[in-house]
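Peer 1: Residue strings, one per chain:
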Amino acid sequence: MSEQSRQTQFVSRRQMFGIGAGVAAGLGLVACGTGTSATATAGAAKPGGTLTMGIASTPDTLDPGATGLALTLLISMAMFDPLVWWLPDGSGGSTFVPGLAESYTVSPDASVYTFKLRKGVTFHDGTKFDATAVKATYDHIVDPATQSKSGLGALGPYKETKILDPYTVQIIFTGPNAGFMHQQAAGNFGISSPAALAKYGPTGFGNHPVGTGPFKFVSYVPGSQLTLAKNADYTWGPAALSTRPPLLDSLIFRIVTDDSGRYDALQSGQLQIAMNLPPNDIAAAQQSSQFKQLTVQSIGTPIGMPINVAKAPTDDPLVREAIMYSVNQELLVKQVLFGVDTAAHTVLTPITPGYSAASAALYSYDPARADALLNQAGWKMGTGGVRTKNGQQLALDIILYSDSGMETPTEFVVSELNKVGFTATTSVQPFATAQASYNTGAQNLGAFGYYGTDPYLLNIWVNSDAIKSGFNWSHYDNPAIDAMIAQANKTAGAAARGSLYEQVCVTLMKDAIYLPLWNVNDPFTMVNGVSGLHTTLNGYITFHSAALS
Amino acid sequence: MAAFIARRLATAVPVMLGITFVAFILIHLIPGSPARIILYGSQATPQQIATLTSRLGLNQPLWEQYARFLGQLLRGNLGTSYLTQTSVAHELLSRTPSTLILTGSAMVVAIVIGVPLGVLAGARPNSLLDRGARGISFLGVAIPYFFLALLLVLLLSVRLRWFPAIDNGTFAALVLPAVSLGWGYAAILTRLVRGRIIEEYRSEYVTSARARGCGEGRILLRHALRNSSVPAITTIGLQFGNILTGAAVTEVIFGRAGLGSYLATSITSKNIPVVQGAIVLIGLAYVLINLAIDLIVGIVDPRARVA
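Protein chains in written order, with the numbering used here: chain P, 1 to 549; chain F, 1 to 307.
What the hints contain is simulated information worked out from the structure, not anything from laboratory work.
Hints are supplied without guarantee of correctness; some may be wrong.
Far from chain P by the CB rule (all over 10 angstroms, computed), these chain F residues [said to hold, decoys possible]:
1) Pro14
2) Val109
3) Asp294
Computed far set for chain P versus chain F, every beta-carbon distance over 12 angstroms [what the hints assert, rightly or not]:
4) Pro98
5) Ala131
6) Lys162
7) Arg254
8) Ser268
9) Glu330
10) Gly339
11) Ala358
12) Ala377
13) Ser415
14) Thr491
15) Leu500
16) Gln503
Okay, the calculated bits of chain F under chain P, using three or more residues with CB under 8 angstroms as the criterion [said to hold, decoys possible]:
17) 76 to 85
18) 147 to 155
19) 166 to 172
20) 224 to 230
21) 262 to 275
Yeah, the Cβ is synthetic: ideal placement off N, Cα and C, and Gly gets one too.
Using the sequences and the accompanying hints, generate a full structural model.
Peer 2: Right under this line is the structure:
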């Protein structure tokens, strides 16, 4: 997929959402390694200069509320501020930090969010920031004329925004929506100038974005480049990013769709940062002393294969468990993915809230265990290394969708499965066809991967309502899990909610409905002179304190 | 001449109709509902899908949709980009100059290198110059333009830093794409012109011109070259389509915001109105270029006007 979105939405080829993201692709980026605010530091940061970053595709719009592309959210984070930032806390966890709101409270059933707003903030067009801007922003997203793509889905059951006084607003939902704090920080809900929204209209705003962020919109040449300039008045950034105006004079996003073209331009000095280089160029860049790399971990569900519990032979839990023990994800990452991504062992990536280490520890590579389980299930090793039972071969139907980036990894998985006595046939179908096949349950194994900042995303692909027409491609029908996820989404307390989601993860893994393969890491390759970049938890990098030396 | 143009234009009408029909039917050949494709991944509600389907008019009979499509085309309305919600006609036109500059420059490279090389080689067959020219043109035909582009970028941009690797709006940034795109056509022209010149040299009118005491330069330029130019011009015209296809790839490689790269990215993002618009526009360009070639040939070779 062609490559390659954020919010609770699919990962796809690099920037487009879509399930099962392209190999290198565009899952969320998040802080390097342990989840600390990964900062690329080098040399002495000097004020001034122009930083040009090569991006792989054309933004659909510059309006974060309307966009359907992850890329636009990355860009919009430079122009817009959220009400509340969600940032790494420096010790592997995460924390909410005041943005345009100084403080907030959540009703016990997680349906009413009250924000106390910061004073003294102005938009790039000179409009004063206050409660009307918050209301205008959220009302704009639900306005049908806006044709919001990812924002509308991420917002949840929005009812209204109520202005209590010029600096106090309530965002009210028709039902519980405990994931909202993660969602509002994820980029779709950058607060927009009400004057500009009125002036340019619901779709025109996408060509004239006006926020309160560290950089202002200057010009955009579709298909070519977006130019932003420093907002010298910006003093309301969070301490973790920078409370001062940006150091750079200008920030340019240059569209170079050709993967090696971005690497060439990085080498020829026309770009200082290149996003999502292909693995072979990353490997080359790692050899070079001229470049360094910032990788941002994905948030959501890792790339993997839903295991259909309704189709033989994977309707047998023993067979599913055998699959879980027979694949060596670490080797897959090393051999097939050039070590850019990391091995996945559960249904959420490690930095996703609700991630359960206990669920990730349930299975490890153990072909002997897989053999034992298959023997126990009555599958005896037959001729040609394929197991049989009652004259039937232990055969799996694998269906992938084209551009999922899963073809080569699947070959690896199949070779692992062959070793323990499975035989498998793989077919690749266009996405719409594959989706129909998945819903009818023609496959034993499919392809999946999902970007989402809140574990409520599990509801999208394990809820029993999503079997016939949604993304429950495991055909997993467990009312207890449906209820537990619904309960979690009405639990405002983070700790209680987290423990509910952890139980969900453990159950899903025990039931072996998903073979996790790898956690996507989004690579940003840059020249050594770039410093001061920060990664955010929802998968972006920020340019608040970026500098060139 | 006017009747000739009118006749050629009349034959273009069914061709254009065919092109518009192919462009139109595209949206219906893609598996799955277009509305779903547009909203793909955004957790669209059934209501969002229904609204979009009716807004796109996809629930009307096919012939009605085609009639509406044609009607809008005639008014210059190519629809709205699924991705950006902006006018496709505007988006395509804003990218056309870049593509015209690139294809034009590639043509110039092809003619400026190909024709003189072919003339010189043809005038002195089997000389050192001829063998050199044949070697160069052999390489030009054998090396695909996208591979040449990558080689040129690696050598002249990445290593030597003489030219930018991606477009920055300057003339220098045009050199590598134009050369890599034009080189293969230069090679074709070289071979063609060389072969024709050798043939013309064997013909009786050249012998008689020599007998009249005509200078070699005059024989070459006034007689042999002029008579060789008809197939050369026809070839250049026929190659236009290939150059346009090549421009798409070249634009992607060099990060140029032109028609070709726009079409390429629109295909991958299933941005159907853009693909439709581009097909119609490129089809129209083909028809016009072929007409122009016919006219030029008519000017150079009066015999063609009658035909």
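Peer 1: Which of the stated hints cannot be reconciled with the structure, identified by number in ascending sequence?
Peer 2: 7, 8 and 20
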